[in-house]
Amino acid sequence: MLTQLVRINLLFFSVMIMLSCEQVVDFDYQAERKICLNCILNPDSTVRVDLYYTRTLDETGEFEPVTNATLEFFENGEPWGTANPVSEGNYQLDKKPLEGKTYAVKCTAPGNLPLTAETTVQEKPDVTYVVRSKEKSKGWQAGQTGESTHFYNLLVDYRLNDQPGNDFYWNYEIFWYTPYQKYNFVHHVSYISPYIDDFNRVVEPESKNGFYYYYYARLTDVGVNESQLEFSKDTDTRVIDIFFNADEHYDRYMKSSVQSWLIEEWDDLPFKEPVQIYSNIENGTGIFGSASFNYLSFRNE
Amino acid sequence: MNKLLYLLIVFPLLGYGQSTKRLTGYVQDAQTGERLIGATLFHPESGKGTTSNAYGFFSLSLPRGKQLVEARFVGYQRTTLELNLQQDTLIVVRLTPGLDLEEVTVKGRHNTSSHPELSNLSFNRINMETIDRIPVILGERDLLKSLQYLPGVKGGRENTTTYNVRGGSDDQNLILLDGVPVYNVSHVFGFFSTFNNDAIKSASFYKGGIPARFGGRLSSVLDISMKEGNMRKASGTFSISPISGRFTYEAPIKRDTASYLISFRRSFIDLPMVLMQKIYDSAQTYGFKFYDFNGKTNWMVNEKNRLYLSIYAGRDKQFHRSEYAGVSTRNHYQWGNLTGVLRWNKLFSPKLFANFSAYFSQYQYEQEAKSNSDETFTEFYTSSKLWDHSAKFDFEYYPATNYTLRFGGKYSHLVFKPNILQVKGNEYNQKFNDQYTNQSDLAELYFENDVQWGDFNINGGGRLSNYFADGEYYLHIQPRLAAGVKLGQGYSLTASYMLMTQHLHLLTNSSLGLPTDLWVASTGKVKPETGYQFALGMEKDFNQTYRAGVEAYYKQMDHVIRFEEGETFVNANENNWEESVLVGQGRAYGSELFVEKRKGRLTGMLSYTLAWSERQFDEVNNRNWFPFKYDRRHDISLMAEYELQTNSSYKKSLSFGFTLQSGNHLSVSDAEMPGIMPPGMQESVWSDLPEWFSTRKTFYEPNNFRMPSFHHLDIGYSSKRKRSNGKIYTWTFSIYNVYNRMNPWYYYKKDNEVRSVSVFPIIPSVSFTYKW
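Residue numbers (the numbering used here), protein chains in the order written: chain A, 1 to 301; chain B, 1 to 772.
Don't take each hint at face value.
Unchecked claim - List time: in silico DSS-like cross-link candidates among lysine-lysine, alpha-carbon distance up to 30 Å:
| # | chain 1 | residue 1 | chain 2 | residue 2 |
| --- | --- | --- | --- | --- |
| 1 | B | 304 | A | 208 |
| 2 | B | 392 | A | 233 |
| 3 | A | 134 | B | 424 |
Stated by the list, open to error - Facing chain A, a subset of chain B residues (Cβ under 8 Å, in silico):
| # | residue |
| --- | --- |
| 4 | 287 |
| 5 | 380 |
| 6 | 540 |
| 7 | 541 |
| 8 | 624 |
| 9 | 663 |
| 10 | 667 |
| 11 | 696 |
| 12 | 697 |
| 13 | 698 |
| 14 | 700 |
| 15 | 747 |
| 16 | 757 |
| 17 | 758 |
| 18 | 761 |
Derived from the structure by calculation, the hints contain no laboratory data. This one's a predicted model, so the numbers in the text were calculated from it and none came from an experiment. The beta-carbon is built from N, C-alpha and C at its ideal position, and this holds for glycine as well.
One chain only, chain A, in its complex shape (with noise of 0.2 Å):
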């Protein structure tokens, strides 16, 4: 009877795993069409404003510039100026924000309703540093170029002086790319520090620590407003170390981006969930808001 009762099952589990399916689903994307407005006013740089049409996921190509936009900004509520045009979707004002101004914009392009939203530039972050020990490397090779040079690995203790109200600071580092004579972006930052969203920590067993943070380290003043916040990191003397601090809308920007990147790419289980990269622009997409940076060089030391 047992014998009997195993045969038959065997031959339903073969049947089953025969049947399983995985197919392609045509999804019918019916994602409104909207304006998506990117700026983000940085007190060192003048405005740019990026202005494109969103598409639907099953469209291909570039994305469709609004051209005929008229873009004008307001300062603490007083009008400020207007953006004009530099190139197709790319407008521009040649003025510099301002560290604790509220900035609004109101865009209107025929035929939509106008966008607007509104920022309030951050002060810089007030970081200092103090290298605590230094090595030269060794069996560093020359670059493309047949430069020939050497470089120390750093071990600096940070001080980021947090400022009143809420702040949201984000570290990420670039070093020298010497064949393009470009930055390039860290990829992995990796120290630790209890001020750190470790909404990006990647575990790594084989990196320093265990683990590492996607691109950025956020770091919260959530409990300790005003403190100063202390921690130690290892770097090198070809680093540019970035400090920016983001205004809430920035802020949220960033972190649903990085977040729904992390799950596009590294989750195909559906068991997180899943993220809307976050807008303020009311009657668009895409983000309004500002970021004050402090950039820490090593070069010299």
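Knowing the structure of chain A, use the given hints to seat chain B on it.
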């Protein structure tokens, strides 16, 4: 509120004060001595009746002198007792299993339900015999999946044991095993429930008008009672299905005084895997297994005292080991429940019955990954643990036949250690989240009045809960009221209101019943969930053969939680779980309709549900309401059985199950927009930057996509043969998803294409049960 509570307390006393003799006792199976829950005791002369409680106890006031009392229970022969009541009397009513062939004559409109104040859409007593015969996947009978045929009860994903009731979340269902909450009810990543049908005696399911004696969840209560053990003779059950084997043995320790039951189930999934690995001498070994153990013993100390001890242990384990290029890798996941309860039934007087319980329930999940070579060593370890230690008391006071007062209380101490992480290597050893262990205490009191005035029945009461955690203190008063009236000609009308509080939250992404799903306590930031529900229903009984009903409900839920976008529970994050969740609100409303045929060769139920369920969180979707992922607008379910042959030796039947539901909701990116680089970086960076720097994919409303309609038809054939020596052989053949509907189970992206995976095609199976 105070006036309402006053009314609920004083109102029932109006029916108090009759001068009669008291007939009390227990209803039990004549063959096994098993106490019967919900059996009806009816006095035809007065039209009064009552039902036995969760321990088979009943109490009935009757006039002094000679009286006839009828006792009946589904699946048992009706018995008429001739009594000469000269004083308060304690009896044991023994019912013999079998068909009640006598024509049923309805004498008056007496109550045969434990809850006449509730409609059959708010309360169901699950027929375990029926569950044994309905078609099931892989021959594995499953109480939790059978529930999903009921209107208003929707499964999470196909063939998983999690379910959503009336638009609630799957963590809003209280599941009790012998009065003990079971925190993880799934095996094999949610495909099978932890409840072994062979060890279950009965189950009651509430989704509206939940009485005050139950608390702790917003949406439903499933109250499961294990068998007690045969008091008269040794007996056993052996069952085998493609997935597992089950063995149950029960026997008296001392006839009619003490007995025990043990039941064990183990999966077979790993056996063919291990065999293949041995045959091919594989460098890798992997497998998966689960087991359950139920044990119960009881001792009838005397006619007024009885003790019960129940234990449940269940465990799943997945493992993988490999040796490759000098590197040894070992991974394992394991998780499981352990529960135990000691109960003492005490009959203080013919009018006062009590039960005292002390229990523990714990759940533990572990994941470990190790990698070793001559030079390197890395280890990743994560665990989550929950302990619940509780003591409770429940009294039932019967001052009059038409009035029962229930009151009681409970004290619980809960410890939570969620998401403890450890990462080790040659040069580091980091441990995270150890500091986020929570301890909480919960004290609760309740009272409940059950009153019958002629055709009018009411159950009203309240529950008071005091919850302490991490210095936070929450006090909740939860009034409950349910009323039903029989209108004549088989019509009845019911209405109920309940206010519920839930102090625990389930952290889950998937609603699959994954082992990583874990209960956590309310805190200062994440407050207890609260919710209320109104329900109004009407039913019509057609000569006890057909029954039809409709019920509408509205439910509001506050402080419901969900993960923040992009979060998952077990991850590498070094933060408190509170920082990963959002707190919001929910609402659900709808209407349920059913038609049931209860007698004849063809029996079954057809139901339809029209429902809405929505959520709102301040941090999501610009504070706008959006559909809950299990918002299913339409749901048609059919469960039916046709008897081919029935006599004293054979029972052969065909069974059918069909469900057609609107699909689940998903959040699917359907729009693309240009991204933006950090200011000043646009021109200066050279790199193979990820695509998201230039293009961002998003959706404008969460749960913007509805999956295709979900439907499948299952058929089963059951052949039960009873030999003259009392041994019973049952073969059950099932075909799940007869017409091979490819219901999508999940979606994923590959090479810029969205793919759906269907896990359950047509699946035939056969199982066998032998009872002696």
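Consistency of the hints with the structure:
1. B:304 to A:208: Roughly 68 Å between the alpha carbons, so the hint for residue 304 of chain B and residue 208 of chain A is violated.
2. B:392 to A:233: 54 Å, violated
3. A:134 to B:424: It holds: about 26 Å lies between the C-alpha atoms, which stays within 30 Å.
4. 287: Violated: closest Cβ of chain A sits about 16 Å from residue 287 of chain B, beyond 8 Å.
5. 380: Status holds, d = 6 Å.
6. 540: 43 Å, violated
7. 541: With Cβ-Cβ at 42 Å, over 8 Å, it is violated.
8. 624: 11 Å, violated
9. 663: Given a least distance of 12 Å, the restraint on residue 663 of chain B is violated.
10. 667: 4 Å, holds
11. 696: With a closest approach of 5 Å, the residue 696 of chain B hint holds.
12. 697: 7 Å, holds
13. 698: Holds: closest Cβ of chain A sits about 4 Å from residue 698 of chain B, inside 8 Å.
14. 700: 6 Å, holds
15. 747: 7 Å, holds
16. 757: 5 Å, holds
17. 758: This interface hint holds because 5 Å falls under the 8 Å limit.
18. 761: 4 Å, holds
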